[in-house]
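Guided by the hints, dock chain B onto chain D, whose structure is given.
Protein sequences, first through last, are from chains D and B. Counting along the first sequence from 1, when you hit position 112 you're at 112 in my numbering, and nothing is skipped either side. In my numbering, each residue carries its 1-based index in the second sequence increased by 1000.
None of these hints come from the bench; they were simulated from the model. Among these hints, one or two may not hold up.
As the list claims (entries may be wrong) - SDA-like cross-link-like pairs, simulated, lysine to any residue; straight-line CA separation at most 25 Å:
{"no.": "1", "chain 1": "B", "residue 1": "Lys1160", "chain 2": "D", "residue 2": "Asp244"}
{"no.": "2", "chain 1": "D", "residue 1": "Lys250", "chain 2": "D", "residue 2": "Ser264"}
{"no.": "3", "chain 1": "D", "residue 1": "Lys594", "chain 2": "B", "residue 2": "Lys1160"}
{"no.": "4", "chain 1": "D", "residue 1": "Lys204", "chain 2": "D", "residue 2": "Ser396"}
{"no.": "5", "chain 1": "D", "residue 1": "Lys488", "chain 2": "B", "residue 2": "Lys1199"}
{"no.": "6", "chain 1": "D", "residue 1": "Lys594", "chain 2": "B", "residue 2": "Glu1058"}
{"no.": "7", "chain 1": "B", "residue 1": "Lys1079", "chain 2": "D", "residue 2": "Pro590"}
{"no.": "8", "chain 1": "B", "residue 1": "Lys1199", "chain 2": "D", "residue 2": "Lys250"}
{"no.": "9", "chain 1": "B", "residue 1": "Lys1072", "chain 2": "D", "residue 2": "Ala591"}
{"no.": "10", "chain 1": "D", "residue 1": "Lys594", "chain 2": "B", "residue 2": "Asp1203"}
{"no.": "11", "chain 1": "D", "residue 1": "Lys250", "chain 2": "B", "residue 2": "Pro1183"}
{"no.": "12", "chain 1": "B", "residue 1": "Lys1160", "chain 2": "B", "residue 2": "Val1182"}
{"no.": "13", "chain 1": "D", "residue 1": "Lys594", "chain 2": "B", "residue 2": "Leu1053"}
{"no.": "14", "chain 1": "B", "residue 1": "Lys1160", "chain 2": "D", "residue 2": "Ser396"}
{"no.": "15", "chain 1": "D", "residue 1": "Lys488", "chain 2": "D", "residue 2": "Glu575"}
{"no.": "16", "chain 1": "D", "residue 1": "Lys45", "chain 2": "D", "residue 2": "Thr2"}
{"no.": "17", "chain 1": "B", "residue 1": "Lys1199", "chain 2": "D", "residue 2": "Thr486"}
{"no.": "18", "chain 1": "B", "residue 1": "Lys1055", "chain 2": "B", "residue 2": "Lys1030"}
{"no.": "19", "chain 1": "B", "residue 1": "Lys1055", "chain 2": "D", "residue 2": "Pro590"}
{"no.": "20", "chain 1": "D", "residue 1": "Lys594", "chain 2": "B", "residue 2": "Ala1073"}
{"no.": "21", "chain 1": "D", "residue 1": "Lys594", "chain 2": "B", "residue 2": "Phe1060"}
{"no.": "22", "chain 1": "B", "residue 1": "Lys1199", "chain 2": "D", "residue 2": "Leu463"}
{"no.": "23", "chain 1": "D", "residue 1": "Lys594", "chain 2": "B", "residue 2": "Asp1200"}
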Amino acid sequence: MTYTIEFEPSGIRLLCEEPVTISDAARRAGISLRSECGGKGTCGKCQVRVQSNTLPPLTETEHELLASSQIADNWRLACRTAISTNASVYVPAPSTSKGPVIQLDSLAISIEPHPSVRTLLVEVSPPSLVDQQSDLHRIARVLKRSHGIEKVWASPTVLRTLPGALRDGDWKVATILRDREIIAAYAGTIHRPVGLAVDVGTTKLACYLVELETGRVLAAKGTMNPQLSYGEDVISRLKAAMDDPASASKIQQMTVEAINAVSSELCTVQGLAPEHLLDICLVGNTAMHHLLLGLPVRALAVSPFVPTTTSSLEFYTVLLGLHTAPGAYAFLPAPIAGFVGSDHLAVLLAAGFGEDNRTRLVIDIGTNTELALQAGGKIVSCSTASGPAFEGAHISQGMRAAPGAIQRVNIKADGTVRCDVIGGGQAVGICGSGVLDAIAEMRAAGILNERGRLVRGRPGARLQDDGMPVFQLVQSDKDQRDIAITQKDIDQVLLAKGAIRAGMDILMSHLKVAAPDIDEISLAGAFGTYLDPLNAVRIGLLPQIPLSRIRAIGNAAGAGARMMLASVEARQRSERLARQVDYLELTVYPAFSKFFVAGIRLPTG
Amino acid sequence: MSEDLYKAISKAVMEGEDGEATRRVNEALKAGLPPIEVMHRGIVAGISKAGELWKANEYFLPDVIMAADAFKAAMAIIKPRLEEGEGVRKSKKVVMGVVQGDVHDLGKSLVIAMLTSAGFEVIDLGIDVPLQKFIDAAREHQPHILGLGAYMTTTMLEMKGIIAELEKQGLRRKLKVMVGGVPTSQEFADQVGADAWGKDALDAMQKALRL
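Next up, chain B with everything else stripped away, as it sits in the complex:
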């Protein structure tokens, strides 16, 4: 029975049915299933499948966006129910945010979904994030990776400043920086001193695993 519920959650997330996903997650929690299992075997399983389909060119952007939406909705219910430190299973932490002046969040949602499916614990700083907030978060969470997103040629320049400030604060060596977003490129990543560049959410996930 629990198996069925996990399958139902996974299917709902994969198909981007956020209403169904949240309903099933609540159902599972009410039935007493451990939140950590619901997360891994239901929610994460679903988003992983979506990622695989994307990789196989069977899923396209809207499908992935919808799945990421459902994933986000489901995770919002589960997260508060997890025990402190639980569910993290010694996963590597990623701190993510979209730089100041930029409010596009679609890409970030996709990356977070893919990273979580790959087993990372992601701390989302949101959009239009001021430089200092990135620094404070790096210091507080001591992540393995700091992910920076920008979707306009004018805002991506912020990244250079963030990396420079990390250097100044003696934090640069302690983490890896990955950058991404439509106007960015490998060349840009090299120019600003990042460790990696994510071409899209799938690519970001694969590279994050190797960092």
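Same shape as in the complex, but just chain D:
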């Protein structure tokens, strides 16, 4: 049953089909709600005022965190409140967040946990002159007698901590076992088993602190990938690493340091320390994977683009300098091929690939866009260099999705342009979803022709002094600057669109799938969440299919990483999936330029 959520003061309306929490709805609508607890309901920052006929009763958390006067006035916590009928939601400025929106949450994946580690509390008899057995032996004896686990062992890193743990804990230790290996021993108490899932993106790192026994996210935080200093695109970074071992080393180091910094923060928030991290799963595209591991990248960087390995890896975190429990392992799932990496595998896992026979398409739009199509028992993947136009880069007044960015554009019948700005204040620039809307609306209004050219003489379309055709979005005012979209900006987006659509059409052609055959299109990544699916279809970024078949799945790579972290079974499933995926190298695909050209054009009507 469809219903509408109207957000104020931005006026953004969201059409929904399923019940949704207000915070998820806000995200889809491009409204950045504050969330310091990652949606757990502990920070109380996402306060909104809701009017709706049917609302679920207040949760305990809301009773705790909201004043009675607020409750009387219809205030709720967005992350605790689900809507299922028409509603009006007022988002006050203090409830919006600052800075680029680093997307962390994703569809609620039900993870059936199969942790790779278990915690066993061990109490040993203290040594004496008549019992001089080693510390390890003491523990091994108890594990054998009480738990039937034989032949346990520990690496030197862990052994170093053993004597201290035993004596500090008064001969009681919580041992963490991975099969027969003791990967940590803590004095006395058992800590809640936690692990870290990391999505090492080209632009952003997303870290999730996960409760291993349930798969639940306890805290999440994102940060810009420090490698950006070596270049925005992957090739530049590979080049730096190829040319200079010192750079390769620095790149590896800075990435590890960034992960350590974020994970430390996440642990602190939960009253834990990095040494309590028992397991870690890292995903990323193949370049990120190789740079993180310090693998040689020359063969990967130039044709025929060959990675060092396409197998999954499991090794001591100590090898990379990641701060975790002393003997903890890092799991890096299999990269698929060329530049399509384990992050894509994670996306496939999270999007349900391999689970049934539905014809599914998943698109992870970013600087590199990865696509996968499942049909008739086959899965094909490809990657295109779409460029950062959809993230606001290379657009003259483009910016990332942050307060001040125009995120929605609507052109009325009378030609007036209405823009919605993130945060509700003055427009400072325009972000990817805004540019997409603008182009769709301009095309519908006849301001752009089929070739994406601005039609001279249309209201709002004019020539700049330098001869560049532009279309006015926002008129300058005392505090407001002119915001316009230029022909060059439009060209940048059309090229990006062309690349993505070409990838899609090639996959569909390869498996002989037509648009109506597709059961579901999943859009992963931040842009996938913010874009308006209707406008995406209107400009030809997505094929003509019923909108109900299109869904945003947020940071699916992060979700997939969490799945693999919390479940050994998911890791095995990912191995099978990796072997099933057929990767198409687009640069040598015949007739690529024909698909590209067709993809650039704007649909008629």
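Same frame as chain D, now just chain B:
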């Protein structure tokens, strides 16, 4: 009647209709029209018009790509039909290729189309071209210009090596080197010792005429 055929070919090329272009070229040849005329008045005329439209910001990349595609298809039919040395009309030769390790060919197709429209005879070495092949081609064809293309920051470095080898082989002074491709720049061209840098196919054409 022949005029109509030339116009039809030109229009098909300009509009990027490769099926139509090849059909018309075959029709023209069957009608006995001289291949050299078909090439200049039909095919080259069409791609020139596309270039002009591009320059006037009326044509955009996909339009030019399609026109270049049609141009390539039409030329594939005409070239074998030209007499040895004919059609060249004392035009200047350009040897072009995308450097080793790089397989992007869209840009190269556009440059070849534009250069041909400007009256150059272009010898296309293809993509992923090893250094030695460039040297051998320079020696064999003695071109006026050697055009090098690269579309990745990792492969463009090949160009330095190619130019150095030309020097070593005593061939450098005998030709002009132009470089191009998305990651390249004027600064890069200066660094590697090239004579010119083509910002895009249109720019490459204009600079080639002045080299």
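Okay, the hints, checked on the actual structure:
{"no.": "1", "hint": "B:Lys1160 x D:Asp244", "in the structure": "holds (18 Å)"}
{"no.": "2", "hint": "D:Lys250 x D:Ser264", "in the structure": "holds (21 Å)"}
{"no.": "3", "hint": "D:Lys594 x B:Lys1160", "in the structure": "violated (33 Å)"}
{"no.": "4", "hint": "D:Lys204 x D:Ser396", "in the structure": "holds (22 Å)"}
{"no.": "5", "hint": "D:Lys488 x B:Lys1199", "in the structure": "holds (15 Å)"}
{"no.": "6", "hint": "D:Lys594 x B:Glu1058", "in the structure": "holds (20 Å)"}
{"no.": "7", "hint": "B:Lys1079 x D:Pro590", "in the structure": "holds (23 Å)"}
{"no.": "8", "hint": "B:Lys1199 x D:Lys250", "in the structure": "violated (33 Å)"}
{"no.": "9", "hint": "B:Lys1072 x D:Ala591", "in the structure": "holds (13 Å)"}
{"no.": "10", "hint": "D:Lys594 x B:Asp1203", "in the structure": "holds (24 Å)"}
{"no.": "11", "hint": "D:Lys250 x B:Pro1183", "in the structure": "holds (24 Å)"}
{"no.": "12", "hint": "B:Lys1160 x B:Val1182", "in the structure": "holds (16 Å)"}
{"no.": "13", "hint": "D:Lys594 x B:Leu1053", "in the structure": "holds (20 Å)"}
{"no.": "14", "hint": "B:Lys1160 x D:Ser396", "in the structure": "violated (33 Å)"}
{"no.": "15", "hint": "D:Lys488 x D:Glu575", "in the structure": "violated (43 Å)"}
{"no.": "16", "hint": "D:Lys45 x D:Thr2", "in the structure": "violated (28 Å)"}
{"no.": "17", "hint": "B:Lys1199 x D:Thr486", "in the structure": "holds (20 Å)"}
{"no.": "18", "hint": "B:Lys1055 x B:Lys1030", "in the structure": "violated (35 Å)"}
{"no.": "19", "hint": "B:Lys1055 x D:Pro590", "in the structure": "violated (29 Å)"}
{"no.": "20", "hint": "D:Lys594 x B:Ala1073", "in the structure": "holds (13 Å)"}
{"no.": "21", "hint": "D:Lys594 x B:Phe1060", "in the structure": "holds (15 Å)"}
{"no.": "22", "hint": "B:Lys1199 x D:Leu463", "in the structure": "holds (23 Å)"}
{"no.": "23", "hint": "D:Lys594 x B:Asp1200", "in the structure": "holds (20 Å)"}
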